[in-house]
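S.K.: Chains as they are written, first to last, in our numbering: chain Y, 1 to 158; chain U, 159 to 552.
Watch out, some of these pointers could steer you wrong.
DSS-like cross-link-like pairs, simulated, lysine-lysine; straight-line CA separation at most 27 angstroms [what the hints assert, rightly or not]:
1. U/LYS249 to U/LYS269
2. U/LYS419 to Y/LYS125
3. U/LYS269 to U/LYS287
4. U/LYS394 to Y/LYS143
5. U/LYS394 to Y/LYS125
6. U/LYS217 to U/LYS189
7. Y/LYS154 to Y/LYS110
8. U/LYS501 to Y/LYS18
9. U/LYS419 to U/LYS394
10. Y/LYS125 to U/LYS249
11. U/LYS269 to Y/LYS18
12. U/LYS166 to U/LYS249
13. U/LYS501 to Y/LYS102
14. U/LYS249 to U/LYS371
15. Y/LYS125 to U/LYS166
16. Y/LYS154 to Y/LYS100
17. U/LYS348 to Y/LYS18
18. U/LYS304 to Y/LYS18
Listed next, with one range per pair, are the computed distances between beta-carbon atoms [said to hold, decoys possible]:
19. U/PRO338 to Y/GLU138: 43 to 53 angstroms
20. Y/LYS100 to U/LYS249: 37 to 47 angstroms
21. U/LEU525 to Y/SER149: 29 to 39 angstroms
22. U/ASN297 to Y/ALA52: 38 to 48 angstroms
23. Y/THR137 to U/GLN164: 26 to 36 angstroms
24. Y/ASP13 to U/TYR294: 18 to 28 angstroms
Just so you have them, the derived chain Y footprint on chain U, three or more residues with Cβ under 8 angstroms [to be verified]:
25. 165-176
26. 226-240
27. 277-285
28. 379-389
29. 395-405
Hints listed in this document are in silico derivations from the structure and should not be mistaken for laboratory results. Beta carbons: idealized from backbone N, C-alpha and C, even for Gly.
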Amino acid sequence: MDSIQSLIKNLADQHGRKRESLLPIMQAVVEQENYLSEYSMVEIAREVDIPAADVYGTATFYSFIETKPAGKYIIRICKTIACVMKGKNQVLFAIQDMLKIKLGETTPDKRFSLLESNCLGWCHKAPAMLINNEVYTELTPEKVREILSDYMRKNGQY
Amino acid sequence: MANSHQLKRVDFIFRNENDWEKVLSSTIKKKPNELINELISSELKGRGGAGFPTGLKWKYTSEEESDEKYIICNADEGEPGTFKDREILSKVPYKVLTAMAVCGYVTGATKGFIYLRGEYKFLEAELNKEIAEFEYYCNEINFDFKISIFMGSGAYICGEETALMESMEGRRGEPRNKPPFPTQVGYMGKPTVINNVETLVHTYTIFKYGAKKFYDLGVQYSRGTKLFSVSGDTPKPGIYELELGMSLQDFVYEFGDGDTKAVQVGGASGFLVPRKKFKDAAIGFKGKLTGISLPTGGSMMLFNSSRSMFNVLDNYLEFFREESCGQCTPCRVGCQQLLLGIKAVKRGDKPALYLDKLMRLTETMQLTAKCGLGQSVANSFSSIVENFREEMIY
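Chain U on its own, in the form it takes in the complex:
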């Protein structure tokens, strides 16, 4: 259990602070370069799950020459087991708006969008009020930044950044090829910073309290805090801000019901960790020092011994089959065949060894699928089948 530490509750994100006007006006007095360096030195990584260094994203966009640039806040929170972004947008929306405006200042963008998933439409009216108030203040201090909400319409894949941009441009939410990355060619072909809701709130914390305060939390390669959405078989489901780098064992001591059989870290596209591996697993981004380190967009789902892992995998695969955008064959056909395959093994129509063929199929998907959706099906599939093989068969 190298490089992990005790579970520590922290309170930055939801701390109610009524001084966003001051944070905004004082931050935009600093030089953009200074702010970028501050972000880079904080080692903040994207909180949507992929973990790209936020400071670099802002830096690359700021270096692009363009008449127009955009800032997008990705609020298309669709990963099963994730519900933190909704909480942020309903409790501390002003932090998100402030961070977007600062990002606009740093990169030279004057227009921002919040891509809000259709399932959260009930937030729209309140959020629009917040935006109006925010823009009023920006006007007062002669700062040019406009924010509007773009509503999604129920498509998991639109959380993928380039699919999200396709969707905003009025097309099917099918991911684009990368490169070019959105920092160069993003929304409407213009350089675009797209950040997760939570990532933006962390930049607010960093600009207000300084990079060191953030950097001092967490462990190497995984600095700062993270919001965790805890659900499943737990006596206290909910949203918790914890330091990164905790061991899964400690997490289960805190949140388990005493009978935890496995934890799914990172939602349907993440990994399932069985009880015997809890003590070796730490929650954080991949780094050289960690044993098993598990990145997560925040989804932590606990299963106790009454749950059938076959049903869990079956549910995930049905999810992926429906949410695959269908443009690339490995993902479209792969998800269908995996689902058919595990059902056939369960019924006894296929021999148990057929599971190994399905495992090879997920490897192919990991290598050949165009975007993260198809590539990450292998994560949950292989971790469930490897650890609970007998449950797949009998």
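If we strip away everything but chain Y, and leave its shape as in the complex, we get:
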């Protein structure tokens, strides 16, 4: 049994082998592996005993279930109106400039992925972004450079 198989088996033990367990299991795999591979989907289908196509159909519906390889830190910057009004684009340019990646891409060292997201619910403190589950608000290009530097240091760069 490889590591994905045993991870999924443990998750199924924990959440149950029912259709209702599907989302919690997928979320936990994404938490652990950064994304949900097709291999993981097939394994989940086997453990929960439902068609793999159903797992795929459900997984691809949800924007927080990544189905493409992603970095350890997924940056989701809000692109809904309030954040756009308060300078989200400048913040986005600052991130792209610093990480040398475009939207939808992952850094070559597999640390950061950069995505846009719909309203994160921080319109009063716009612009906002998530790095994994962590929220950052009232961003400016300077502030976001500081935040990302901290993350890079955490990873032993520089």
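Given the coordinates of chain Y, work out where chain U should sit on it, guided by the hints.
M.R.: Then chain U, alone, in the frame of chain Y:
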């Protein structure tokens, strides 16, 4: 400006009260019928935006015969410009838990869920601690009610109650046909009460202070208070509890920056009100007496004269195009075509009159889309295009 009143700040929701144990134990000593009547007489309506009378929802579920019933707290707050539910869950979670338990008592359910949107995952750990403490107390007084958190995964449509249940059952968040309503056939096919976070907190206020206290606030058809999420071009963005029924003019005096061009009431699925209509608009549920009355889940976004309404509409339509679940054609194709359409008019590839065709398309969507998402695209689209037509074209 019939049936509206001055802006009044109120403080019920975030008032810190350390007596939820007492509220719970004394409320569940009353008869379920008594509590339902109390809720009905308060005229509390759902605070997620749709405005269904909460007392009736509880009543219908309590009347169903079933071995199992469920209570769901809808914390999938995704409407652009809305951020009040997060504040409630981080500041006064015990009020939400207490209200869920009382609802369980009234309807005969012993299991509750909080469907928390994925974007708010950082709240989960703290909320779980609160739940543990809450269940400990329930155990002490021999009251059987369990609550667990179900995490969403980033889908706006899951705030629609039946899509939310599909999601909890491990499927794509695609809304179901109604009827049957969740009060009869809800989560796992069982009778289910699903209430917005804020609605639940209002029931807490009603059970603690009595229906009259709540009823005396607000105006006819729109009783009580409401949390407003204020954002955009305002010097004081944030969350404010205000009496329902205020005029939009008063709201703008209080929150505007002196240059307010328009206010979007109710988020992307709500209405845009231009400056010339501020004095005729009141915030509240639809009723016979009001002029223009605007329901809202609480989102109030202000735009000043530096903003292009084309960019605003473009942003909304992109939002809807991405968040449409795609199961029904009017909404899936409609959202795509509206977005393409306004861009084509802006570029000059289509004549200005093409906007009227797009307006008819939104009417079709309003009539034929399966759920509120597709139906409500017409709200923002028509109110923006009608009032700022020249900005769409030039």
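S.K.: If a hint holds in the structure, say so; if it doesn't, say that too.
M.R.: Consistency of the hints with the structure:
1. U/LYS249 to U/LYS269: holds, 23 angstroms
2. U/LYS419 to Y/LYS125: Holds - the C-alpha atoms of Y/LYS125 and U/LYS419 are around 21 angstroms apart, at most 27 angstroms.
3. U/LYS269 to U/LYS287: holds, 17 angstroms
4. U/LYS394 to Y/LYS143: This hinted pair holds, its Cα atoms lying about 22 angstroms apart.
5. U/LYS394 to Y/LYS125: Satisfied, since the Cα-Cα distance of roughly 10 angstroms is no more than 27 angstroms.
6. U/LYS217 to U/LYS189: This hinted pair holds, its Cα atoms lying about 13 angstroms apart.
7. Y/LYS154 to Y/LYS110: Given pair Y/LYS154, Y/LYS110 holds - Cα atoms ~14 angstroms apart, limit 27 angstroms.
8. U/LYS501 to Y/LYS18: violated, 45 angstroms
9. U/LYS419 to U/LYS394: Distance ~17 angstroms between U/LYS419 and U/LYS394 Cα, so the pair holds.
10. Y/LYS125 to U/LYS249: OK: Y/LYS125 and U/LYS249 at ~18 angstroms, within 27 angstroms.
11. U/LYS269 to Y/LYS18: Roughly 18 angstroms between the alpha carbons, so the hint for U/LYS269 and Y/LYS18 holds.
12. U/LYS166 to U/LYS249: holds, 22 angstroms
13. U/LYS501 to Y/LYS102: Holds: U/LYS501 and Y/LYS102 sit about 24 angstroms apart, inside 27 angstroms.
14. U/LYS249 to U/LYS371: holds, 23 angstroms
15. Y/LYS125 to U/LYS166: Within the cut-off at roughly 24 angstroms; holds.
16. Y/LYS154 to Y/LYS100: holds, 19 angstroms
17. U/LYS348 to Y/LYS18: holds, 17 angstroms
18. U/LYS304 to Y/LYS18: Holds - the C-alpha atoms of Y/LYS18 and U/LYS304 are around 20 angstroms apart, at most 27 angstroms.
19. U/PRO338 to Y/GLU138: 43 to 53 angstroms: holds, 45 angstroms
20. Y/LYS100 to U/LYS249: 37 to 47 angstroms: holds, 40 angstroms
21. U/LEU525 to Y/SER149: 29 to 39 angstroms: Violated: the Cβ-Cβ distance is about 53 angstroms, outside 29 to 39 angstroms.
22. U/ASN297 to Y/ALA52: 38 to 48 angstroms: holds, 42 angstroms
23. Y/THR137 to U/GLN164: 26 to 36 angstroms: holds, 32 angstroms
24. Y/ASP13 to U/TYR294: 18 to 28 angstroms: About 26 angstroms separates the Cβ atoms of Y/ASP13 and U/TYR294, which means 18 to 28 angstroms holds.
25. 165-176: Coverage by chain Y is violated for the stretch 165-176 of chain U (0 residues, Cβ < 8 angstroms).
26. 226-240: holds (count 6)
27. 277-285: That given contact holds, which follows from 4 residues of the stretch 277-285 of chain U lying within Cβ reach (below 8 angstroms) of chain Y.
28. 379-389: That given contact holds, which follows from 3 residues of the stretch 379-389 of chain U lying within Cβ reach (below 8 angstroms) of chain Y.
29. 395-405: holds (count 3)
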